[in-house]
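Here the protein sequences line up with chains A and B, keeping their order.
Each residue of the first sequence is one higher than the one before, counting from 1 in the numbering used here.
Each residue of the second sequence is one higher than the one before, counting from 1001 in the numbering used here.
Treat each hint with caution, since some may be false.
For lysine to any residue, the following SDA-like pairs were computed, each having C-alpha atoms within a straight-line distance of at most 25 Å [as the list claims (entries may be wrong)]:
1. Lys256(A) <-> Arg1273(B)
2. Lys256(A) <-> Gly281(A)
3. Lys256(A) <-> Gly1039(B)
4. Lys256(A) <-> Ser1037(B)
5. Lys256(A) <-> Asp1280(B)
6. Lys256(A) <-> Leu1274(B)
7. Lys256(A) <-> Gly1265(B)
8. Lys256(A) <-> Gln1281(B)
9. Lys256(A) <-> Phe1249(B)
10. Lys256(A) <-> Asp283(A)
11. Lys256(A) <-> Glu1050(B)
12. Lys256(A) <-> Ala243(A)
13. Lys256(A) <-> Gly272(A)
Hints listed in this document are in silico derivations from the structure and should not be mistaken for laboratory results.
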Amino acid sequence: MAVEQDLVERGWVPALSPADADILCVCGEPAADLAGVLDRIWDELPSPRARTTVVAAADIDGALTACARELADPERQASQAGARNNDAGSPDSGDHGQMDDGDMDHSQMDHGQMDDGDMDHGGMDHGGMDMPMPDGIALAGQGSDRDGLDLDELQVPLGPVLPFWPAGLVLRCTLQGDVVMSAQADWLSTGPGAEATVADSRAVVVHQTDLASRLLRLAGSTDAAGRMERIRNRALASGSSAASHGPLTAELSRLKRSFLLRRSLRGVGRVGTDAPRPEAGTDVWDRLLGMVEAAVSAAAGVYQPPSRLSRQVDAALLADLAAGQELGRVRLIVASFDLSPVAALTAAAR
Amino acid sequence: MSGIVQVAPVWAVAAVLLTVLAGVAGAVFEAVVQARSDGRRGGLLAPVAETARLLRQPQRSLLSADVLLWRIGTAALPIIAVLMAAVLPFGSWVIADLPVGLVWFNAMDVMVWAAVWLAGWGPNSAHAMIGGYRFLGLALGYELPLMFALTAPAVAAGSLRMADIVAGQETLWYVAWMPVAFVVFCAAVLAFSLHRPFDAPAGADLGGGVLAEAAGVDRLLLLAGRHMLLAVGSGFAVALFLGGGAGPFLPGWAWFLTKTLVVLGVLLVVRRRLGPLRPDQLMAPAWLVALPAVLVQLAVVAVVAVARG
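So here's chain B without its partners, still in its complex pose (with noise of 0.2 Å):
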C-alpha cells in the first residue's frame, strides 16, 4: 500500500463526478432510509426527482439580497467539497500529493464557515441569517476538537502529507489505538456538512434557516454540497483512521471506496438516532468532554510515537 502516486491533473476530471456521485449516493441512500420510515416503498429516485425539480425553477432573488455574497456562499459547499477531495488518496492515487495534504483539508474545512455563513446573509431575510448564526456557534464549538484530532494521524506519521498518514498505517490502523480522535473526527464530519445532529442552521424551526431562501439551483447547490461534504468527510475518516485502501485481496480503490460507503452509510444512520443540538447545547459537550478527551488521545498518541523514535 505504500507508493501512493501522484496522478496527471486531468484526472481530477474523474474526481470531480466521483465526489458528486458519492454524495448522490449518500443522498440516494438517506432517502430510502426515510422513506421506509414513513411506511412507503421506493425513495430511490427522490434526489433525482428533486434535482429535476430543483432544474426546473428559475433563480430567486429577494429585494436588497446581497446576491453576489450569497451566489458565492451556495457555489462554496462543493466547491469545497472537491478541493477537499484533490488531496484525498483514492486507493493508491491522489490528485494532489501536498506536502501539508492535512492542513489544506483543515483549511477547507474552515473556509465552509465561511460559505455558510455568506449563504445565511446574503438572502437578506432574519431566518436565513439566524441559520448562519447558529452555524458560527456550532463552529466554534466543534472546531478545536476536530483540530485536534486531526494533529493524532499527523503526530503519530510524522508527516501531514496524505499519502504518509496512510502508509502509517500498514501494521495498525489508527482507529485501533485513536479510537477517541476517530470519533471526533466523525462528528465533526457530521457537523461541517450541517448533518443531525448538527443541523440547526438548517433547522425547520427557522424554516430550513440557511435554506430558508433558496430555490431552484441555489437549493440545489446547498444540498448537493452537504451531501458531498458528509462523502469526502468520509473518505477522510477511512483515509486518516482506516488504513485508507489497505485490504486483501481487492485493489486498493475498491476497499477505499468500499469503507468510505460504509462510514458514509453508518454516520446516515446514526446521525437519524439523534435530534439536532442547539449551539448553546453543544459548547459544554464540545469543549469540556470532547475536547480534553482528545488532547489526552493527542498526549498518548506523542508518547508512542516518540517511544517508536
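Isolated chain A, as found in the complex (with noise of 0.2 Å):
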C-alpha cells in the first residue's frame, strides 16, 4: 500500500497487466511458489524494464528512484536486453503454457511504476491432454454450454498475482466464452507472513478500505477507488484513523446514492441464506457497503478482531458461486470477500 501511495505521489500508474509494465516491484520476500511466479511475470515485461524488491515502507522512495535511473539508462537496458535474446530461443518462449501471472496485492507484493506489474494472462495451460499441439498448448477441448451447444473449453488458472486479486489465490476456471463453467480454488503460500495478532483500529481502517477500493476498481468506479485509496493512505500515514471516520462516512452515504453502481453489483454472487457464515444472505454491493461500515465503526472507535472461516470453506463457497458467471462477475464476487490471510491485518499496520 505505502507503494501505491508513493506512486500517487511520483503520478505513475499502476500497470493491469506486465506488457503495459517498466517496473517490477515486490514487496516482501515471496516464498518459493511465489517467486517462480514472479520469475515468469518478469519475462512478460517487455524492455526497457526494471525490477525491485522492497521489504520496508522506509525502502520504497529509494527502490524506485532506483528503478527510474535504470530504466532511463540505456547502457544497462541494452546489456539487460542482450542476455535476454541469449538465454531465450523465441520471445517468451516457454512459458506461456502456464504463465500468469502479474501482480499485485496489496499486502505483500506488488508493484511498481510508471506502471507497474501485474496481472495475467492467462495462459491457458491445458493440462493432460494428448494429442500434437502447436508449440507445445494444446488446443482446446469442447464441452456443452448452458444452453447445451457444444463450444471449446479452456483450462485459464486465475491467479496468483492479478491486479486487485488477494495474493496468492489461484481459481482454476474451465471458461466457455467469457463464461466461467466451474472453477476450483487454491492457494499458494504467499510467503513468511506474520501471523495474526490483535489488529488495532487503524489497521482495520486500512484493511477495510483497501478492500472496498479493490472492489469498487474492479467495478469501475475509478473516482471513488481514488478516494477511499485516499483516505486509506491517509490513515496508512497518520497513525490514527480518527481522522478517517468523516471522510468515510460521506464517502459510505456517497455510495448509498450511486444508482449505477447498486444497480450493477445487486444480486452478483448471493451467498445462500443458509450458508453457514457471516456473509450468508449477502451479494457483492451489499458486502462492499459492509466494508466501509465495518471502516466507519472502526473509525469511530468500534472494531472487531477479525473472524474468519478456514480456508477450504471460503474455497468451497468461491468455487460454488464462480460456476455458471461471467468473468467480470467473478472477479466483483472474489473481490467482494476479505480472504486476505489474517497477516493482512498486522502487514497493514507495519
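With the hints in hand, could you dock these two chains into one complex?
The structure is reproduced here in C-alpha cells:
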C-alpha cells in the first residue's frame, strides 16, 4: 500500500498487465511458489524494464528512484536486452503454457512504476491432453454450454497474482467464451507472513478501505476507488484512524446514493441464506457497503477482531459462486470477500 | 453554409494530421482531468510521455501468437478513424464527397468489430480474447440503435451525402428535433471507441483485456486509435446533428472545430461519471429502450419529411 501511495505521489500509474509495465516491484520476500510466478511475470515485461524488491516501507522511495534511473540508462538496458536474447530462443518462450501472471496485491507483492507489473494473462494450460499440440500448447477441449451447445473450453488459471486480487489465490477456471463453467480455488503460500496478532482500529480502517477500493476499481468506479485509496493512505500515514471517520461517512452515504453502481452490483454473487457464514444472504453490493461500514465504525473506535472461517470453506464457497458466471462477475465476487490472510492486518499496520 | 466543396486529395495529409491532433487533444484533456481527480496538478504532458515510453519498447510477441492478424487488428483502429474522417465535412471542405458518405461511415464503424476482435484474438491470450468477445457482445447491443440513429438525419435530408445532411440543417439543427437519435449516436460513439461505459473489453478485471498483451507501438496504436475514433465520432455528431460548420461571424471550419472539441470534452466528462457496462447489462437497455425510442424518433422524422415534401 505504501508503494501505491508513492506511485500516486510520483504521478506513476500501476500497470494492469506485464505488457504495460516498466517496473516490477515485489513487496516482501516471496515464498518459492510465488517466486517462480514472479520470474515468469518478469519475463513478460517488455524492455526497457527494471525490477526491485522492497521489504520495508522506508526503502520504497529509494528503490523506485533506482528503478527509474535504471530505465533511463541506455547501457544497462542494452546489456539486459542482450542477455535476454541470448537466453531465450524465442520471445517469451516456454512459459506461455502456464504463464500467468502478474502482480499485485497490496499486502505483499506488488508493483511498481510508471506502471507496473501485474496481472495475468491466462495462459492456457490445458493440462493432460495427448494430441499433437502446436508449440506445445494444447488445443481447446469441447464441452456443452448452458444451452447445450458444444463449445470450446479453455482451462485458465486466474491468479495467483492479478491486479485487485487476493495474493496467492489461484482460481482454476474452465472457461467457455467469457463464462466460467466451473472453478476450483487453491492458495499458494505467499511467503512468511506474520501470524495475526490483535489488530488496532487503524489497521482495520486501512484493511477495509483497501478491500473496498479494490472492489470499486473492478466495478469501474475509478473516482470512488481513488477517494477510498486516499482515505486509506491518510490513515496509513497519520497513525490514527479518528481523522478518517468524517470522509468515510461521507463516502458511505455517497455510495448508498450511487444508483448505477448499486444496479450493477445488486444480486451478483449472492450467498445462500442458509450458508453457515457471516456473509449469508448478502450479495456483492451488501458486502461492499459492509466493508465501508466496518471501516466507519472502526474509525469511531468500534471494531471486532477479524473472525474468519477456514480457507477450505472460502474455496468451496468461491467455486460454488463462480460456476456459471461471466468472468467479470467472478472477479467482483472474489473481490467482495475478505480473503487476505489474517496476517495482512498486521502487515497493513507495519 | 451550402456549397461544401471537395478539396484536392493532397489535403488528406492534413486530414490525417488533424485527426491525430484531435485524438491527442482528447487524450490530454482526459489526462488533465484524471490528474485533478487524483489530487495532482499537471497531466498536460502525460500522453506525450506515454507515447515516448511506448516508442522505446520493442514489439512484443507471445508463443503461438497470430502475429499477422494481431498487427492488422491493432493498426486498424487509427486507420478506420482516418477513413471515417475522409467523408467528414470540415467546415466547408471535405476530402471525399461520396454520395453515400453516411453509409461509408457506418461501414467503417462496423470494421471496428473486426479490428477489436483481431486485436483480442491475435496474442493467444485468454484475457485478450475475452476482451474481444466482450466487444462483440457490446457491439451486438449498440450497433442496431446506432444504425437507426444514423438513418434519422439521412431521412430528413433526403440524402446519404454528408454535404447534403449538413446543408439540410441551415434553418434548424437536427439535434433540435432529433434529440433521441443524437443521444443514441453519442452513446454509440463512446461504444465504438471503447470508452466508458463501454470499455469492458479493455476492463481492469481482464488486466486490460484487448490491451493486456500489447506493448510498445502496438499499444500506442490501440490507445491512439481509441482516442482518434472518439474525436472523429464527435466530429460526426457535429456534422449530423449540430449544424456542421454553421455559426455566425467565424468561418465554417472554426465553428466545426469548436463544436467538435466541445462535444469531445463533454463526452469525456460524461463518461467519467459512468461505470462500465458488462455486455450482459447492455442488451436489455439497448434493445428494449434505445432501439424502440430511436425507431419512434425515426418515424417522427419520416412523417415530418413527407409532410414537408
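Q: Determine which of the earlier numbered hints do not hold for this structure and return their numbers in increasing order.
A: Hint check: 7, 9, 11 fail, others pass.
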